[in-house]
Structures are given as structure tokens and as C-alpha cells.
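J.: One letter stands for each residue in the lines below.
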Amino acid sequence: MKHCRVAWSGAIHAGTEHPRGACLADGRIVDESAAVWLVPFEVGTVFAVGLNYADHAKELAFSRPAAPLVFLKGAGALAGHRAQSRRPGGVKLMHYECELAVVIGRTARNVARGEALACVAGYTVANDYTIRDYLENYYRPNLRVKNRDSCTLLGPWLVDAADVGDPGALELRTTVNGKVTQRGNTRDMIFDVPQLIEYLSAFMTLGPGDVILTGTPEGVVNVSPGDEIVTEIEGIGRLVNFVVDDA
Amino acid sequence: MTMWIETGRRPCPARWPAGTVYGALLNYRADLEALGPRMQAAPYNAPPRAPILYIKPRNTWIGDADPIPLPPGANALQVGATLGLVLGRPCVRATEETALDSVAALTVVNDACLPHDDVFRPAIKERCRDGFCPIGPPINRRVDAAALDGMVMLTYIGGAVRAEWKMADLVRSAARLLADVSEFMTLHAGDVLLIGSPRSAPLAAPGQRVAVEVTGVGRLENPVVAAGNAR
Chain V
1 MKHCRVAWSG AIHAGTEHPR GACLADGRIV DESAAVWLVP FEVGTVFAVG LNYADHAKEL
61 AFSRPAAPLV FLKGAGALAG HRAQSRRPGG VKLMHYECEL AVVIGRTARN VARGEALACV
121 AGYTVANDYT IRDYLENYYR PNLRVKNRDS CTLLGPWLVD AADVGDPGAL ELRTTVNGKV
181 TQRGNTRDMI FDVPQLIEYL SAFMTLGPGD VILTGTPEGV VNVSPGDEIV TEIEGIGRLV
241 NFVVDDA
Chain G
1001 MTMWIETGRR PCPARWPAGT VYGALLNYRA DLEALGPRMQ AAPYNAPPRA PILYIKPRNT
1061 WIGDADPIPL PPGANALQVG ATLGLVLGRP CVRATEETAL DSVAALTVVN DACLPHDDVF
1121 RPAIKERCRD GFCPIGPPIN RRVDAAALDG MVMLTYIGGA VRAEWKMADL VRSAARLLAD
1181 VSEFMTLHAG DVLLIGSPRS APLAAPGQRV AVEVTGVGRL ENPVVAAGNA R
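If you read the protein sequences in the order shown, they are chains V and G. Per this note's numbering, the very first residue in the first sequence carries number 1; after that it's consecutive. Per this note's numbering, the very first residue in the second sequence carries number 1001; after that it's consecutive.
There may be inaccurate statements among the hints.
Short, incomplete list of chain G residues facing chain V, as computed with Cβ under 10 Å [to be verified]:
| # | residue |
| --- | --- |
| 1 | Cys1012 |
| 2 | Arg1015 |
| 3 | Trp1016 |
| 4 | Gly1019 |
| 5 | Arg1049 |
| 6 | Ile1055 |
| 7 | Thr1095 |
| 8 | Val1119 |
| 9 | Asp1144 |
| 10 | Val1161 |
| 11 | Phe1184 |
| 12 | Met1185 |
In case anyone wonders, no lab produced these hints; they're calculated from the structure. Note that beta-carbon positions come from the ideal geometry of N, C-alpha and C, so glycine has one too.
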């Protein structure tokens, strides 16, 4: 099942996928363009993994990391499907990152990789923007680059883990104004989903609603105000975002 | 996480902290001076410009008297008293003059970590372990710069004061830090911003009791224990 949360007609509703948009719990149908799409689950700790595809690491002139490069984000950075993300004035490079997001379903500590997928509630699509102009070499990537308001998008659906099966063989692609700019497959992750859960849970307790953004493959390009960015993952969803001027 | 009460037995809110806990790195002037020429060399290549932040996630939050587990293989815990600014309303694109208006409460925090020399990559494994953020209750009060300037941050190990610092030791004052962070992101009501603590903070071993105090705000005391079940 694909679950969503939408604001519509003065209230917040849980819903599921429908060809026109969302089917609310009481059976009413809301058109995709009529709903305000919220992040589809209650979010706990937000983890992001950098340089987790060998081709993207190479694209950025980094070697393959020996351990996962993990950083955290705050809730203020998050927004849902069809949100607007602001491009700061005067910057040279703002790029999207299409990522598989893994949502934890239960408390997890010291989980071996063979058991890790049993801790997963489901999956969603992430688009995690970067403003490269603001990179500094302290706790890199620093939050000025990666924790900007509404620059980490999640949605439209939380897809039940049972409906996805193996998260290690999913096609990813991004289009900018309809033109394909990024393609990849989750099989090319350096640290796959079970390894990431094993790694994190070995030194900290994960909880329901924690989410791991698992990194992006090569093919990131600069985006501009007015662009429509679609990050899409096979079987998970198609996450639309609009870049606007920061005025 | 355990529900908890502060020293003095005052209960804290049921959902606390309500938002994200951010901390400022390298906001202690002596830390920058100690890095000195290293900041010009790889991998840093330049001194920091904007505030460098990290996050203390919810698994790190504990209360007064809760044990801080030190993982096997680690023989020392770095502990440091700091002040948490608790936001009462959104702080975005603020100026140094207006930033403190967004702060509704203060809290005392022990920003614990495993010692680490390298500050190039986010120190998740060092800073984000379970129990590595003892945090006091929010003390509601009107905050002004003069009151903050008079506060002293004290760190105790085994009952003895091992570190002591004040606002004047910071690169960015609380108001300046809030304003500079609010240039690139919104701090929301319920978020907490830790204003920094010395990287050269004292070390504690399993079996020792550590305490942190912010004068006029509160005190937390926690035992450091060897973790049994962590790898």
C-alpha cells in the first residue's frame, strides 16, 4: 500500500494512492493538484548518506569512502510533494539529489545486516538539494549547504516495505523540465540499505520514523527558478518539486 | 528514553525537547586559536565563515541522574557544559539586535562526545551515541544579552570544577550566533540551539560522576558507565 498525508479542505488527512491523486480514509478522492502534500509519515531523526554511489563520488572527485559518510538534518529542512524550494540569490550551483529514503518501523539497536530489512516500515523518494557555493570544510557537508528550509523533499508516498521487497534493485531517475538528467540503480550503492542500518544501529538506537536518505548517483546538474524537478524511483513514487527565486 | 525530573525535582514537559537540538562547532575562541595554521592546510583550507552546526538527535537526550553509557573500546568521555537557547517562535533572517526576542527559555546541557581531533567530517559516531546529551528542563525567562554575559558555564568531574567559561570566550555571542544561523535556515519554536562548548573539554572515565552547570539556569549530574550491550 502507498500511504500519504495531505492537507485539504481545512484539515490534515491520511490517504492512499489513487489514479487522480489521493483517496482519503473515508473514501473521498482528492485531485493531486488540489491537495497540499505533506511528508507522508511522522519524522524522527533524519540521516543522510553522502558519496554512497561510486559514480557520484567520482563525479565530485572523491574516492570511495571506507565507512558511510553520515550527516543529520533537522525537521525544518523537510517538505512534501509539489513543494517549492528556494534558490538563494547569487549562487552558482544548486543541485537536486534523487535518493531512496528508508523509513524505520521499530526500535533498532545492534541489528545485523541479515535482519535489517525487518526493521524497515517502508520507503519514500527524497530530493535532497545542495547549495555547493556554501560548502565549508568543517563537519562537511555543513548545514548551510544541506539543511535549508524546504530543501529536503520527501514523498509523495510511504510505500509499505512488504510491497517493495528488495530495495537493492530499484531504478532512479531525475528529470528537469521533462528532460532526463540523472539515472541510476540502487544496486550501485557502496553501502546498501541493510549495511547502513547495521552501521548506524551499531552505535546508536534507531526509532520508528527515523529515516535514512541513502545517497544519490551521478548526474546532478544546476537548477534555476522556474524549473520543475521530478525525482522518481521505480515502484516508490514520483516526487515533483518546483525551484523558485529566494525573494 | 526515561522520563525524568531535574535536580530539585521539578518535572519537565512530557515532550521535550519538542524540536531539533542544534549545536555550534568551533564557537569557542581558544579552539580556533588552537587550530591556528591547520585551518589553512588541507582538508580545511580556510577558517570557517558561517556558523558550523551539528545535531544532537533524540537518542542522545537523557535527563539529570540518568547514566551516560561509554561504549566498549572508548576509555574517555569528553563532557562540556553549555547553554541551550530554547526557541519560542521562529527565528529567521534575524539581526543581532532582534534575535534574542525569539528565545523563550534557557536550559543547561552536557554536550558529551568521544574525543576526536579531526573536524572535517560530521562526527556522528563521536557525538550522537545514546545518552550523549543530558539536557535540563526549559527555564522560561525573558533573555537579554546582559543576563547572558553574566553566566558562567562550569564542568565538574568527580565533584571538582575542571572547566569554566563564559560568553565573552565565544567567537559569536548567543545573539550573533542566532542571527547568523537564521540567515540560512529557520529555527522553529521548540528547537534548541547549543551555543558551543570548548573542544578541549575535560575527560571522564567510567565510574566517574560528571556535572554541568550554567549559573542561574541549572545543573545536571550524571554517572558515566561502561555500556554493556553496545558494540
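J.: Please go over all the hints and tell whether each is borne out by the structure.
T.: Hints versus structure:
1. Interface hint at G:Cys1012: violated, since its Cβ lies 20 Å from the closest Cβ of chain V, which is beyond the 10 Å cut-off.
2. Checking G:Arg1015 against chain V by beta carbon gives a least distance of about 12 Å; that is not within 10 Å, so the hint is violated.
3. Taken as an interface hint, G:Trp1016 does not check out: its beta carbon lies about 15 Å from the nearest beta carbon of chain V, beyond 10 Å.
4. Proximity of G:Gly1019 to chain V holds as hinted, the smallest CB-CB distance being about 7 Å (cut-off 10 Å).
5. Hint status for G:Arg1049: holds, given a least beta-carbon distance of 6 Å to chain V, under 10 Å.
6. Taken as an interface hint, G:Ile1055 checks out: its beta carbon lies about 4 Å from the nearest beta carbon of chain V, inside 10 Å.
7. This hint is violated: G:Thr1095 has a C-beta 18 Å from the nearest C-beta of chain V, more than the 10 Å allowed.
8. Taking 10 Å as the C-beta contact cut-off toward chain V, the hint placing G:Val1119 at the interface holds, the least distance being around 5 Å.
9. For the restraint placing G:Asp1144 at the interface with chain V, the shortest Cβ-Cβ distance is roughly 26 Å, beyond the 10 Å limit, so the hint is violated.
10. Look at G:Val1161: its Cβ only gets to about 29 Å from chain V, farther than 10 Å, so that hint breaks.
11. Taking 10 Å as the C-beta contact cut-off toward chain V, the hint placing G:Phe1184 at the interface holds, the least distance being around 4 Å.
12. A distance limit of 10 Å between C-beta atoms decides the matter here; for G:Met1185 the minimum to chain V is near 6 Å, and the interface restraint holds.
Of the numbered hints given earlier, the model fails hints 1, 2, 3, 7, 9 and 10; all others are met.
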